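Engineer: Listed below, chain by chain, are the residues.
There are 2 protein chains.
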Amino acid sequence: METTLIKSLYRETKKFTDKNIQISGWIRTIRDSKSFGFIELNDGSFFKNIQIVFDDTLENFKQISKLAISSSLSVEGVLVLTPDAKQPFELRANKIVLEGNSASDYPLQKKRHTLEYLRTIAHLRPRSNTFSAVFRVRSVAAYAVHKFFQERNFVYANTPIITGSDCEGAGEMFKVTAMDLNNIPKKDDGTVDFSKDFFGKETNLTVSGQLSAETMALAFRNVYTFGPTFRAEDSNTARHAAEFWMIEPEMAFAELKDYMDVAEDLVKYIIHYVLENAPEEMSFFNSFIDKTLFDRLDNVANSSFGRITYTEAVDILKKSGQKFQYPVEWGIDLQTEHERYLTEKVFNKPIFVTDYPKKIKAFYMRENEDGKTVAAADLLVPGVGEIVGGSQREERYDVLERRIEELGLNKKDYWWYLELRKYGETKHSGFGLGFERILMYMTGMSNIRDVIPFPRTTGSAEF
Amino acid sequence: METTLIKSLYRETKKFTDKNIQISGWIRTIRDSKSFGFIELNDGSFFKNIQIVFDDTLENFKQISKLAISSSLSVEGVLVLTPDAKQPFELRANKIVLEGNSASDYPLQKKRHTLEYLRTIAHLRPRSNTFSAVFRVRSVAAYAVHKFFQERNFVYANTPIITGSDCEGAGEMFKVTAMDLNNIPKKDDGTVDFSKDFFGKETNLTVSGQLSAETMALAFRNVYTFGPTFRAEDSNTARHAAEFWMIEPEMAFAELKDYMDVAEDLVKYIIHYVLENAPEEMSFFNSFIDKTLFDRLDNVANSSFGRITYTEAVDILKKSGQKFQYPVEWGIDLQTEHERYLTEKVFNKPIFVTDYPKKIKAFYMRENEDGKTVAAADLLVPGVGEIVGGSQREERYDVLERRIEELGLNKKDYWWYLELRKYGETKHSGFGLGFERILMYMTGMSNIRDVIPFPRTTGSAEF
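Protein chains in written order, with the working numbering: chain A, 1 to 463; chain B, 1 to 463.
Wrong hints could be hidden among the right ones.
[Unchecked claim] Computed cross-link-like contacts, DSS-like style, restricted to lysine-lysine with a CA-CA straight-line distance of at most 25 Å:
(1) Lys7/A with Lys257/B
(2) Lys147/A with Lys147/B
(3) Lys201/A with Lys175/B
(4) Lys147/B with Lys48/A
(5) Lys201/A with Lys186/B
(6) Lys187/B with Lys186/A
(7) Lys319/B with Lys62/A
(8) Lys48/A with Lys422/B
(9) Lys86/B with Lys110/B
(10) Lys411/B with Lys422/B
(11) Lys147/A with Lys196/B
(12) Lys186/B with Lys186/A
(13) Lys422/A with Lys111/B
(14) Lys196/B with Lys186/A
(15) Lys62/A with Lys15/A
By construction, these hints were calculated from the structure, which means they are not laboratory data. On a predicted model such as this, the values are computed, not experimentally measured, just so you know.
Please model the entire structure based on the sequences and the hints provided.
Structural biologist: What follows is the structure, given as structure tokens:
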């Protein structure tokens with residue numbers, strides 16, 4: 001007999017009602033009395049379980065009723081509607097086969113576990129309700145990202161993970177090497193001889209695919225990356241991981257305004273798509289993780305995002321009368337307290353803050369006419385602060401060259417990036433969205449370690 | 001005026017015929033006579049260009065007619081059908097604005113360039129016909145992979161890139177470190193003190209997400225990874241890169257046969273999807289890269305893949321009378337010459353070869369009843385040889401433990417992998433498909449360096 005998925009039973013109940021079917025899955029709970037028993041079975045296809053009812057007409061009744069949680073079964077039986085019960089239907093078993101045993105010390109017993117404890121059993125935690133919901137939402141959201149861009153004719157660009165260029169300039173990098181660390185080849189002056197390494201030069205893990213993505217945008221017009229990026233920053237916070245996934249679109253013939261339009265559409269699209277395609281999981285988060293979740297997402301998905309300049313933002317903050325830990329002056333980098341005040345107290349919806357002082361932004365952002373600011377914009381959302389950062393890119397060869405020199409960077413490292421401006425300079429814009437950041441926002445999970453299957457953080461690369 | 005994409009002009013020609021429209025893009029070719037000129041413009045949205053006709057009624061006629069290739073323009077004009085010409089329509093310009101200049105030494109002039117040369121200008125080569133086609137097909141194929149699995153309710157699992165576990169056992173690994181290589185902390189015995197490194201232990205770049213994916217499959221039933229993997233193998237061939245993307249599905253409650261069904265469906269799905277969604281690019285490959293391409297793909301997409309055991313394959317090869325460089329005996333690892341003989345001369349279609357000797361396969365593959373073979377299967381396709389490898393996984397705790405010991409591996413490294421068998425052991429299967437390998441197969445490109453935007457190979461990590 002063909003195996004039916006529990007997801008199908010919930011989505012197409014009618015089709016299976018009063019029919020004999022076969023399912024397979026893992027025991028989530030089991031209780032028995034003398035002559036009958038109940039099993040909550042989960043088959044991984046769906047967030048919810050199905051209730052199995054079995055009794056001592058089964059020849060292996062005794063064996064089954066003593067099974068440990070997480071044992072795997074295949075079950076044949078009739079699907080019966082149960083309009084008076086909590087669950088919509090149950091399976092009345094006429095045959096249960098034990099597929100695989102579980103030990104009685106299975107760590108995920110029915111009682112509540114702390115998230116900290118569950119991190120120590122990362123190989124088992126996807127079987128818990130919380131992480132079943134988190135990682136399915138992660139998958140659905142990832143697909144939403146691809147769907148959004150592919151339907152808009154963006155080309156998916158796989159930019160390199162190992163980078164030989166030192167010019168990404170977005171933070172501390174991990175080194176990649178094939179050398180024997182106990183016996184590193186040295187040059188005459190005693191320093192490392194990278195010419196003996198695998199690539200014949202020093203290489204690192206990428207911190208951003210942006211610069212490579214720009215080369216693709218100037219061929220395909222609209223492209224996006226979606227892949228892992230890395231920071232070797234020793235910041236042991238709930239919001240930082242050493243390995244995380246970034247979405248980095250780049251668009252030719254696009255100005256700052258165009259980037260903001262696409263970013264706003266993207267954020268709304270992901271939220272709508274996940275609400276529609278993982279409703280059980282999202283209800284779970286709203287009930288058990290963050291009771292304000294639906295209100296929050298609703299506000300983002302259905303409001304028109306605000307847009308103010310950095311200069312206006314600074315004015316608002318200065319006039320607010322609010323006491324901030326970091327005092328506000330034109331020229332400072334906005335802190336999370338400022339960002340949250342603006343988006344939560346002043347606007348009560350997501351806002352883009354645009355045209356930041358060039359001193360606090362990267363060399364590749366397009367200089368505005370005023371000579372003081374750049375065409376950059378960050379998207380701030382209530383409850384979190386910054387969630388997207390982007391800019392129009394400096395497409396003018398001479399201005400870019402000057403900025404590289406002003407910042408004391410080495411022009412030689414940027415030869416190919418500069419050549420993009422020499423051969424068909426074209427205005428273009430792009431942004432970066434941290435995938436884990438939007439997952440945390442959408443699930444209410446407050447630690448980045450809990451939205452990545454096997455997180456890598458300072459001092460921890462387990463599993 | 002809104003900008004229209006060239007893709008829309010080709011896909012919805014009627015809508016724009018005889019209308020005044022605006023487009024923007026880069027000059028691919030330009031020629032002029034005294035009073036008029038022609039520009040082939042490409043806007044990145046589509047493989048094909050549009051022909052722009054302009055004349056000296058434009059006030060900047062002289063400026064435009066002297067522009068270098070790759071300069072970017074925005075053009076307003078009327079779209080006119082040209083039924084007698086090679087191209088279906090042209091744009092009669094009434095306004096051309098220079099968006100960005102290109103230098104006259106632009107390296108991608110109209111003449112043919114070798115693929116080797118184009119690799120040295122990887123930041124510009126996506127603008128050539130060949131690489132425009134390759135990288136768009138790469139994007140379309142990637143989306144096909146996600147679509148295939150998401151529509152079948154598989155959960156996308158982002159398995160870690162940085163791995164602290166030494167147990168993947170699929171080849172040489174790159175080391176990842178945040179230590180200063182010029183000043184590596186040492187222990188008293190003179191060896192590296194990894195406790196001082198970022199993660200407090202030795203870490204590497206993953207060679208496979210499989211073991212992590214198995215943890216997810218035993219929660220979600222059906223999962224897949226799709227991400228970068230790495231090999232530090234010093235093999236300077238046309239088929240090996242140090243960084244490449246792998247698709248690794250894992251399925252609980254699935255036997256070897258089920259894996260083969262899914263792999264066959266997947267390969268056919270990707271081919272169909274790409275043929276349907278990138279027809280211009282695929283025609284280009286069939287005309288200019290490999291004239292047997294369509295026949296080859298047709299054969300794969302429309303045949304029912306064969307299935308034979310390794311033992312049968314060895315018999316066929318031995319009885320073939322064919323002279324092989326590597327003689328055939330039961331127990332050998334099949335070489336490409338053997339694989340190609342089987343799939344090209346004997347079957348003339350893709351075949352799965354199953355049940356290999358356990359001595360030549362990995363420890364995690366399920367041991368068959370005969371004690372000599374494992375439930376593994378490789379998919380061989382004409383023209384290439386192996387394209388997919390997979391197996392049923394050993395779910396029996398005691399057998400897996402024995403295999404780990406037999407191979408002299410360290411049981412401690414596998415504690416969590418073994419625990420998957422302790423807590424709800426469940427039969428399951430999975431496979432790996434090298435993304436670049438299927439891209440090479442589908443495009444006819446014969447060097448892996450030419451299907452990756454910025455390839456990383458022995459001695460080369462440019463850009």
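Engineer: Under the constraints set out in the numbered hints, which ones does this structure not fulfil?
Structural biologist: Going through the list in order, the structure violates hints 7, 11, 15 and respects the others.
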